[in-house]
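Student: In the numbering used here, the protein residues as written are 5 to 173.
Derived by calculation from the structure, the hints in this document are not laboratory data. Every clue listed holds true.
BS3-like cross-link-like pairs, simulated, lysine-lysine; straight-line CA separation at most 27 Å:
#	residue 1	residue 2
1	Lys38	Lys144
2	Lys54	Lys38
3	Lys47	Lys79
4	Lys144	Lys79
5	Lys144	Lys128
6	Lys30	Lys131
Simulated DEER-style distance windows between Cβ atoms:
#	residue 1	residue 2	range
7	Gly89	Met121	36 to 44 Å
8	Thr7	Leu163	36 to 44 Å
9	Asn76	Ser150	18 to 26 Å
10	Ser99	Asn129	26 to 34 Å
11	Gln162	Met121	37 to 45 Å
Every residue gets a Cβ at the ideal spot worked out from N, C-alpha and C, and that includes glycine.
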Amino acid sequence: MTTNFVNGYLISFNTYLLQPIQHDSKVFTHVIDKHNELIVTRKPMHVLRKSCLSLGSTYEAAKQSAKRFFGNQHKLPIVVAFDYGYPCIFLPTFSPSSIHNIWIGLHAIINITPSEMGCIVTLKNNKQIELPIRYASISKQFLNASMLYKYYMSERKQLSQDAPYHPPF
Numbered sequence: 005m006t007t008n009f010v011n012g013y014l015i016s017f018n019t020y021l022l023q024p025i026q027h028d029s030k031v032f033t034h035v036i037d038k039h040n041e042l043i044v045t046r047k048p049m050h051v052l053r054k055s056c057l058s059l060g061s062t063y064e065a066a067k068q069s070a071k072r073f074f075g076n077q078h079k080l081p082i083v084v085a086f087d088y089g090y091p092c093i094f095l096p097t098f099s100p101s102s103i104h105n106i107w108i109g110l111h112a113i114i115n116i117t118p119s120e121m122g123c124i125v126t127l128k129n130n131k132q133i134e135l136p137i138r139y140a141s142i143s144k145q146f147l148n149a150s151m152l153y154k155y156y157m158s159e160r161k162q163l164s165q166d167a168p169y170h171p172p173f
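Using the sequences and the hints, build the whole thing.
Tutor: The following block contains the structure:
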């Protein structure tokens with residue numbers, strides 16, 4: 005399989021996973037998305053921060069928004085962007101500052117099962133990724149991301165119900 009190397013990448017609902025990989029003496033990002041797999045010549049956190057900026061927010065704002073909902077926890081899922089009002093939420097497997105952290109799109113997860121090494125995450129494209137993270141830990145991350153999604157969807161519904169009616173002219 006030929007690996008495509010790119011200098012930049014924007015996260016979207018087509019993005020399934022951002023995984024750090026060692027390439028020579030540098031850390032790059034292995035991206036799995038709906039259409040293919042590629043290597044971004046930047047760290048996952050750089051890709052995440054740039055995506056937030058390009059899509060109208062900042063990583064810090066997304067983190068603060070999650071903290072308002074969950075309180076002062078670590079390993080919080082974040083909303084990278086909104087697409088037609090739907091939140092694009094990514095959850096970390098470890099502390100976001102950890103070089104081992106993998107970001108997974110909530111929308112991309114089909115199943116999570118325990119394994120000898122930790123757990124196996126099945127993505128929408130049926131690709132299975134074995135991760136060295138306890139099943140209980142990733143399950144909590146998935147639950148938190150799902151709760152955040154439900155909260156934003158509830159807020160969206162409330163906003164649409166509160167919107168004043170303006171007849172067409």
